[in-house]
Structure formats: C-alpha cells, structure tokens
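Taken in sequence, the protein lines are chains A and B.
Okay, so the first sequence: first residue is 1 according to UniProt numbering, each after it adds one.
Okay, so the second sequence: first residue is 1 according to UniProt numbering, each after it adds one.
These aren't lab readings, by the way, just hints derived from the structure by calculation.
Being a predicted model, the structure only gives us computed values, none of them experimental.
Keep in mind that a hint or two might mislead.
Stated by the list, open to error - According to the in silico footprint, chain A covers these stretches of chain B (three or more CB under 8 Å from chain A):
1. 17-31
2. 59-72
3. 98-108
Unchecked claim - Listed next, with one range per pair, are the computed distances between beta-carbon atoms:
4. B:P141 <-> A:A200: 56 to 62 Å
5. B:G168 <-> A:A190: 51 to 57 Å
6. B:T65 <-> A:D118: 21 to 27 Å
7. A:G168 <-> B:G194: 53 to 59 Å
Here a beta-carbon is modelled for each residue, glycine too, at the ideal position from N, C-alpha and C.
There are 2 protein chains.
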Amino acid sequence: MILTVTLNAALDVTYFVDRLVPHSSHRVDDIHERAGGKGINVSRVLNALGRPTTVTGLAGGTTGTALRAELHEAGLRDELVPIAGDSRRTVTIVSREDGDATVFNQTGPVVQPADWTDFGTRYARLVRFADVVVLSGSLPPGLPPDAYAQLIAVAAAAGAATVLDTSGPALLAALSAGPDVVKPNAAELAAVTGCQDIAAAAAELRALGARAVVASRGPDGLHALTAQGSWRATPPEQLSGNPTGAGDACVAALAAGLAAGAPWPDTLREAVALSAAAVPCPVAGDFDAETYHRLRTTVPVEEIHDAHPDR
Amino acid sequence: MILTVTLNAALDVTYFVDRLVPHSSHRVDDIHERAGGKGINVSRVLNALGRPTTVTGLAGGTTGTALRAELHEAGLRDELVPIAGDSRRTVTIVSREDGDATVFNQTGPVVQPADWTDFGTRYARLVRFADVVVLSGSLPPGLPPDAYAQLIAVAAAAGAATVLDTSGPALLAALSAGPDVVKPNAAELAAVTGCQDIAAAAAELRALGARAVVASRGPDGLHALTAQGSWRATPPEQLSGNPTGAGDACVAALAAGLAAGAPWPDTLREAVALSAAAVPCPVAGDFDAETYHRLRTTVPVEEIHDAHPDR
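Okay, chain A solo, but in the shape it has when bound:
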C-alpha cells in the first residue's frame, strides 16, 4: 500500500468562466469542487492506476467535512486526522477561451500541538501497512520546520520507503532524515541550493542526505541522480494544456516504481509518461489514459555517464 500524507489538505474549487477579465465581474455557473492538496492528487492518480493507496494528513472544519465527503465519493481510502481549524480552499479560475488557469492558494489553518500529536499516533499505525510513504506539499503554519524529517524517520523505522515532494525550508530540514527520493522542480532545486546547474544542485541534495533526487524540468522531462546512476528522461512529444498536477502524477509514478522495486529507467519512463498525460487535463489528479499508454513505451531515457557520484 502507498500511503500519501497531505498536511495541508484543501478543498479545490474550480470556477469556469468564458474569459478572465481583471477588474470586472464574472458570472460563474459551472463550479467543480473536490478534495485537493498534493498528496491527495497523488493518491487519486495511484487509485486510477489500480494501486492500493491510503490518504492521510490533516483536515478540519466545514471545509474539511466537504473535502472528505468528496474523497469518499471518489472511492479513496480516507485516514485524514481531524484538526481544530477550518481547512483551506484553493480557487482556480479556468478560462474556457484558452483553458488557462489562474490559481489562488489560501495559506491554511494554524495546526495546534494537539492536532500534530493526534496525527503522529495515526501515522505510526498506518505506516506499518505501507510499502512507500509519499510526503507532499507545503507545511501548514503551526508545524515544526522538521515535521517531514520526523515522518521520514518513523517510516524508515517501520521499513517503508519515502518520496518527498516539497520545497524551501521544509525540504532542506528533511534531508538529514534520508528520504529515499526527493522530487523538486528545477526552480525549487535552484532556490534551495542557490545553484542553477541541475546536476550540481542534485548532487548537493544527495550530499545533504537525499538517497535519490529526481528533478522535474517541465516540458524537458526529468533529471535523476541516484545511487544506481544518473538519467535524463524526456517526453517524446509536447502536450498543451495545464501543467498543474503534472508534478503529482510524476510523484505517483515514482512511488509506484519504488513499491514495485522497478529499475530506475523504467520508473522514470513511467513518471514522464504520467506527467505528460496530466497536462491535457485541467484538474490536478487526473490524467489522460490514452496519452499515458501511448507515451509509456516511447519515452527515451538516457544514462548520463559523467555524473555518477557513487560508482
């Protein structure tokens, strides 16, 4: 089972408008609401692939109730832990004219110490059933900066592998706990290391404790630096649409590969195919099955021979 952790779960609300015109009024007659947050999106992709997955994390208030109701409707196993505050909403305005998305992300409620204790208890129980734990997204206010390091240590002690997808101080503070895979995008990697060279920056994260680094480079695919080697995987065709959710689809593939013990080139091929298949879909957590099946056998994966740190 792949356990996903979403500490800042959200109700994702999408407003469809004909055209977004700043400083004007828009009538919205088409609204979609669903549970969101990066870990939940990852579980949604895994569920669609038929991989057993469980959602945990923190959710509360009337917004928490609404997002959990939607998780149940979607058939996802919900082990979210209730918190005192009201979960955040994200509002995405999708313009029908060009399919483009404008996103407003609320910060999220302040997590109380008692909430974090409750979560620790539930997480320690769930992690015993997990092959892989996915830790995704920003830390809500109120959590200790090393929250992900604590969760990685508990997973490691229980024998579960970990995939971490976060950025900034939350990423840096987690590295010493030795996550099995970290997946920053190129901008996050440069921001956290201060280094624009993707290979050098990935090597730095490994030096700080990450066992493997898979950096996403948007339409240019993935750059992976692992104990087994380094690879570059590139989508064989460019897809137009909305890149929101491509990162979560990538993480789903990395977690599935880790759970199956697949060789890195196979996992990277899946990850690029699944990310690319998320682009034509306007909502994170969805992917286009036909695109995925077309690409998963054709993504070129190239080994980088001058960048093996460990052999």
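Could you slot chain B onto chain A? The hints should help.
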C-alpha cells in the same frame, strides 16, 4: 423598521493579493469572509446609520450557516429562512497594487417550492412590522419570475412601502405590482427598456407601474423621476476606489428617506452622499463616515422642469 429581502444571500469572500496576474498562481494570506447579497449590504449601511433594520431572505447549507454566524457578529437582526440548498459564495480578488476588484459570482442554489412557501409565511409576518421593504438582487433559480411582484403586493397590503433594486426580467415582471421606488443603474435601465435616453426610459418604467424611478449613473450621480417631480443629483467631488456597494448604499438612503417621509431632494442628497462614501471602501456594505458627512450637505440637487410627468 426597514426590512431587507435577500433571496440569493451569499458568503462574500475577499482575497487580497499583491497583484492579479492572469494564468499564474497567487498565495493568499489575507482573507475576509462576510455575509453578502445586496439586501444584506443595505441592512449593514442602515445599521451603521442607526436605523432599525431586519434581514430576511433565503440561506442554507454550510455556507448559509457561515454567513448567518457573521450576521450575528455584525449585530444585524437575522430573520433569514433556511433552504435545502447550499448558499452561494462570491469571490472577490482585490489587488493591493491598485485596490481594483475582480469578482466571481456563483449563481446560487435552486430554491425548492417548499422553501418559497416557508419564506412567504415568514415574510407575511415580518412585513407587518416594516415601514419600508427593500427587495434587492437577482432571483435565484427555482423562484417564479414574478416573485418580486408577489412580495410587493403583500407589502402594499400590509401598508409598507417598497424599494426594488433588481434588473432584467425580474425587474420587468415586478413593475405591475407598483413598487414605490425602483433603482436601476443606467445600463440596467437601458437594457430593460431598450432606450438609451435616461429620462425617456425612466418614464417608461413609471408607465409600467413603478411609482418612482431613481436611476444611478455611476460617478454622474442620480436621475430621479417621481410623482412629485424630477431631479438630478450629482456628487460635488469624484472619489476613487471600488464602486461595488455604492448602489446598495444608495438604496439604503432611499429606504431611510421613504421611512422618514423626507422630501425627494433631501433623500437624493443623502443617497448621492452615501453612494459616494461607499466608493473609498473596498467591501460592499461599508462607507466612509467622514466622506458621507462632508458630502451630505453639499450635493447639488437640480430640479428638471421639462420632465414632470404628473404636474
């Protein structure tokens, strides 16, 4: 007491962002939520002026619960009638850079026949205590097109005067019931009559049954056509800010003038001053007290002698 009716009450959510950039992601750390809908805004203005007012209308679901909690906090008397559906939200993005607002209005839930029957019972009771009834805003889906005509007839039978602020078919269908004042803006007046000339269009609404027409012309003030005469009232200075809520402040002044039996020129002076004082405030239902007090004695009101229909 002035009774305001909001059949499509909302939770108005305002997101403050540094700058609205279409097709990008925005972090929102400053969120304000309050009860909204045009009638509720009118009551808020009346309450700030110290005029007794009661809020009624329709609200339901978790959004209805949230908006009613905020009404109580604001000290407004709440006689909203619960409905089966979940009330709508409106989302307004205010850019800190220029104070400009971009608005997303949800349509609102479908009102069930039983909800409308419940409302009729409550309204018939409340209207007996009202000097003036304010009917504001669009009709939610599910209501009969002549909903406002029905409510105006009940008010008239109970001896209460009515102020109607709506547009399109809801306005047209209400005229035959003889509302005491209708307050379209210039664009709504032109749309409903097909006539660009404001005086001729106002005369047409009177011919269809409205006892008085007060048309708002944005920064150019008000044009009033009544049984007692016709007037033009113009703000003596232009204010910059957000015109959202200026119409509701205007309606509050019209209702207060009607309740007090004030002469039309005094009421129009108040209405222009209060509308203008709403412009510097980013949120509907608020007005700047200092601006209001400065303008209420200085708004020029000019009688139009060639446009008296009845004398």
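Each hint tested on the structure:
1. 17-31: holds (count 12)
2. 59-72: holds (count 3)
3. 98-108: holds (count 8)
4. B:P141 <-> A:A200: 56 to 62 Å: holds, 59 Å
5. B:G168 <-> A:A190: 51 to 57 Å: For A190 of chain A against G168 of chain B, whose Cβ atoms are near 53 Å apart, the range 51 to 57 Å holds.
6. B:T65 <-> A:D118: 21 to 27 Å: This hint holds: roughly 25 Å between Cβ atoms.
7. A:G168 <-> B:G194: 53 to 59 Å: holds, 58 Å
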